[in-house]
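Chains as they are written, first to last, in the working numbering: chain G, 1 to 427; chain B, 1 to 218.
Some hints here could point you the wrong way.
[Stated by the list, open to error] The calculated label-pair distances, taken between Cβ atoms and stated as ranges, are:
| hint | chain 1 | residue 1 | chain 2 | residue 2 | range |
| --- | --- | --- | --- | --- | --- |
| 1 | G | Arg252 | B | Ala39 | 24 to 30 Å |
| 2 | G | Glu287 | B | Ser98 | 33 to 39 Å |
| 3 | B | Ala180 | G | Glu287 | 44 to 50 Å |
| 4 | B | Ala39 | G | Ala361 | 33 to 39 Å |
| 5 | B | Lys173 | G | Ser402 | 39 to 45 Å |
| 6 | G | Asp222 | B | Gln73 | 35 to 41 Å |
| 7 | G | Leu368 | B | Arg43 | 52 to 58 Å |
Hints in this document: simulated from the structure, not taken from any laboratory.
In this text, a Cβ means the ideal position worked out from N, Cα and C, and glycines have one as well.
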Amino acid sequence: MNAVLAPIGRFLLAPWRGRAWRDLWFVILSSALSLLPLGLIGLPWAFFAPSYLPSILACAFLPLLAAVLLGPQLTTLRRSAYDKIRGAQIPRAPHTARDAASAAAPFSPRMRARLRHPRTWRQACYHLIAGPAANLVGVIAGTMWVCGLICFGWLSAAIAFGPNWKWLSMATSLALWGALVCLVVVYLTPWLVMASVRWDLKFATDLLGPSRAERLARRVTDLTESRAAVVDAADAERRRIERDLHDGAQQRLVSLAMNLGLARATLKDLPEEARTALAEAHEEAKEALGELRNLVRGLHPVVLEDRGLDAALSGIAARSPVPVRLAVDVPRRVPPTVEAVAYFMVSEALANVAKHAQASAARVDVWLDGALLRLSVADDGIGGAEAARGSGLTGLAQRAASVDGRFEIVSPVGGPTTIMVELPCEL
Amino acid sequence: MRTVIAEDSVLLRAGLTKLLETTGFEVAAAVDDAAGLLAAVERHRPELVIADVRMPPTFTDEGIRAALVVRRQWPEVAIMVLSQYVEERYAADLLSTSTTGVGYLLKDRVADVDVFLESLRRVAAGGTALDPEVVAQLLVRRQNTPLDRLTGREREVLGLMAEGRSNAGIAEKLVVSESAVAKHINSIFAKLDLPASEGDHRRVLAVLRFLESASPSV
Chain G
1 MNAVLAPIGR
11 FLLAPWRGRA
21 WRDLWFVILS
31 SALSLLPLGL
41 IGLPWAFFAP
51 SYLPSILACA
61 FLPLLAAVLL
71 GPQLTTLRRS
81 AYDKIRGAQI
91 PRAPHTARDA
101 ASAAAPFSPR
111 MRARLRHPRT
121 WRQACYHLIA
131 GPAANLVGVI
141 AGTMWVCGLI
151 CFGWLSAAIA
161 FGPNWKWLSM
171 ATSLALWGAL
181 VCLVVVYLTP
191 WLVMASVRWD
201 LKFATDLLGP
211 SRAERLARRV
221 TDLTESRAAV
231 VDAADAERRR
241 IERDLHDGAQ
251 QRLVSLAMNL
261 GLARATLKDL
271 PEEARTALAE
281 AHEEAKEALG
291 ELRNLVRGLH
301 PVVLEDRGLD
311 AALSGIAARS
321 PVPVRLAVDV
331 PRRVPPTVEA
341 VAYFMVSEAL
351 ANVAKHAQAS
361 AARVDVWLDG
371 ALLRLSVADD
381 GIGGAEAARG
391 SGLTGLAQRA
401 ASVDGRFEIV
411 SPVGGPTTIM
421 VELPCEL
Chain B
1 MRTVIAEDSV
11 LLRAGLTKLL
21 ETTGFEVAAA
31 VDDAAGLLAA
41 VERHRPELVI
51 ADVRMPPTFT
61 DEGIRAALVV
71 RRQWPEVAIM
81 VLSQYVEERY
91 AADLLSTSTT
101 GVGYLLKDRV
111 ADVDVFLESL
121 RRVAAGGTAL
131 DPEVVAQLLV
141 RRQNTPLDRL
151 TGREREVLGL
161 MAEGRSNAGI
171 AEKLVVSESA
181 VAKHINSIFA
191 KLDLPASEGD
201 HRRVLAVLRF
211 LESASPSV
């Protein structure tokens with residue numbers, strides 16, 4: 001039942017609801033603000049004859065001049081009015097470096113910059129056309145509403161006091177019809193007032209707020225920043241884990257292996273079985289140490305941060321089971337994130353070579369090409385690697401993409417395979 | 001042998017101290033950072049220093065930098081640098097001033113007690129001990145140097161020389177006769193243009209060539 005009654009109740013209460021009256025008040029204020037630039041249309045006619053040609057031309061020009069000269073102030077005024085009366089936040093256009101530069105400039109370059117800025121014309125479009133149009137609808141509807149109420153009251157009184165009431169003498173049937181029409185008007189116009197305010201706010205949001213291009217630009221900036229933050233956070237996390245393992249498990253394992261080694265070297269008179277068990281424990285501790293070392297160095301090599309990519313790559317090249325020739329020509333340090341991505345890409349590429357390529361040799365080249373860090377990993381294996389298959393290659397492509405880099409693989413069946421990567425160094 | 005240990009892990013510091021003391025070394029001081037190391041060397045004038053690379057405050061290459069200071073101020077002190085990872089760049093730094101009485105090993109090597117102690121003695125006696133991992137890292141970086149003229153076997157021999165092995169040690173590792181090793185070594189000397197007159201010093205020079213070829217910064 002509520003579903004049926006609620007809209008009916010809303011309709012019956014419409015002309016008396018606070019929101020409708022607040023919107024009417026808003027329409028009045030907003031119209032007053034619209035009159036600030038538009039009212040200038042009448043200015044020439046205060047001094048010259050209506051048919052005087054320059055004043056006709058000026059009537060179009062003056063509001064436009066006001067919208068350009070006072071555009072930002074008008075926009076600020078609108079924004080705070082909407083906020084205070086309607087609680088509506090008109091989003092702000094982004095403050096760019098261009099805005100900062102033109103704000104600091106003297107008057108005439110500032111105005112020239114303003115004339116060239118699309119935002120000026122979007123705002124003028126609101127202040128001179130869209131806003132006033134919505135307000136006009138609102139004002140007409142509001143006037144009809146208020147007049148409807150007054151007429152309804154008057155006609156009701158006329159019905160009550162009979163056809164010879166001294167303030168209004170008319171036939172009761174006519175008054176009845178009139179009152180009915182007034183009632184219809186009173187019920188319809190509040191909706192129109194509220195709709196006009198909605199249109200007004202929509203126009204304001206679209207034209208006074210950031211444009212689509214500005215919103216997208218903003219979004220790109222935000223996404224770039226958040227992605228960089230995610231990459232950095234992952235990096236920091238790896239560093240933390242590396243540090244924890246280095247200070248904890250690794251030291252303990254070294255100590256354990258050393259003690260086992262010492263026992264093995266000094267306790268010569270143990271029974272054969274105990275000696276064998278000791279030897280096995282010792283060997284296993286050493287193996288665990290080696291495995292842990294490879295794992296931990298892969299997390300975040302300190303030398304990468306300390307001495308850069310060139311120094312860090314020797315370690316992975318040397319550990320590769322496939323013999324690697326390494327050539328690095330990176331005369332300056334690139335951003336740490338790029339260094340880390342390049343390092344892990346070489347590391348993963350060489351791991352792939354060892355796992356799938358059946359290669360007898362690999363070659364890693366890293367060089368700086370202007371603002372691009374390029375790397376290539378080539379092997380003489382069986383080829384046939386596809387980026388679509390094999391999670392290793394997908395991972396490589398994703399790593400490159402995480403810093404807007406490019407990843408390419410050439411791997412015909414039968415080999416050889418070459419992986420090429422481009423990483424931009426200015427993030 | 002009077003020794004100073006610098007290692008920030010309490011566990012390992014105690015372990016190393018115990019290991020050395022039970023095997024006839026004298027541990028004059030065991031400290032936990034680079035500043036402490038320099039003070040202890042100044043005070044005790046040890047024959048041998050064992051230093052960790054990563055120590056407070058930055059946990060990057062403190063040990064290497066402290067070792068270089070020791071090399072400059074007290075050239076007679078032998079230095080063994082230990083680390084969880086070995087890096088050829090740090091090796092190059094370490095060997096940049098002189099290639100005698102210096103070692104750079106993975107901490108893992110401590111587990112093979114006999115081999116480790118032998119390395120310590122060799123370094124203390126003025127020899128070198130480079131970790132095979134460092135040597136492997138140096139090998140991937142050869143670029144158009146006289147080293148390219150070496151055969152695979154000769155490169156292997158040179159790598160083992162860089163690790164600090166004697167001819168007998170190299171022969172044992174490669175399972176060849178000592179005279180075959182000597183032949184390879186002579187061939188290496190010839191290909192690297194090292195004159196015959198300088199005797200044992202040529203070994204050091206050959207190793208130095210090897211290291212130089214890897215890092216232009218040395």
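Q | C-beta pair Asp222 (chain G), Gln73 (chain B): status relative to the range 35 to 41 Å that was hinted | A | Violated - the Cβ-Cβ distance for Asp222 (chain G) and Gln73 (chain B), about 54 Å, lies outside 35 to 41 Å.
Q: Starting from the range 24 to 30 Å, see whether the pair Arg252 (chain G) and Ala39 (chain B) falls in it by beta-carbon distance.
A: Since the Cβ atoms of Arg252 (chain G) and Ala39 (chain B) sit about 28 Å apart, the hinted range of 24 to 30 Å holds.
Q. Could one say that the CB atoms of Leu368 (chain G) and Arg43 (chain B) fall in the range 52 to 58 Å?
A. Violated, since Leu368 (chain G) and Arg43 (chain B) (Cβ atoms, about 47 Å apart) do not stay within the stated range.
**Q.** Status of the given 33 to 39 Å range, CB of Ala361 (chain G) versus CB of Ala39 (chain B)
**A.** This hint is violated: roughly 49 Å between Cβ atoms.
Q. Do the Cβ positions of Ala180 (chain B) and Glu287 (chain G) conform to the proposed distance bound of 44 to 50 Å?
A. violated, 32 Å
Q | 39 to 45 Å as the expected CB spacing between Ser402 (chain G) and Lys173 (chain B), which holds or is violated | A | holds, 44 Å
Q) CB of Glu287 (chain G) to CB of Ser98 (chain B), is that within 33 to 39 Å? A) holds, 35 Å
Checked against the numbered hints given earlier, the structure breaks hints 3, 4, 6, 7 and satisfies all the rest.
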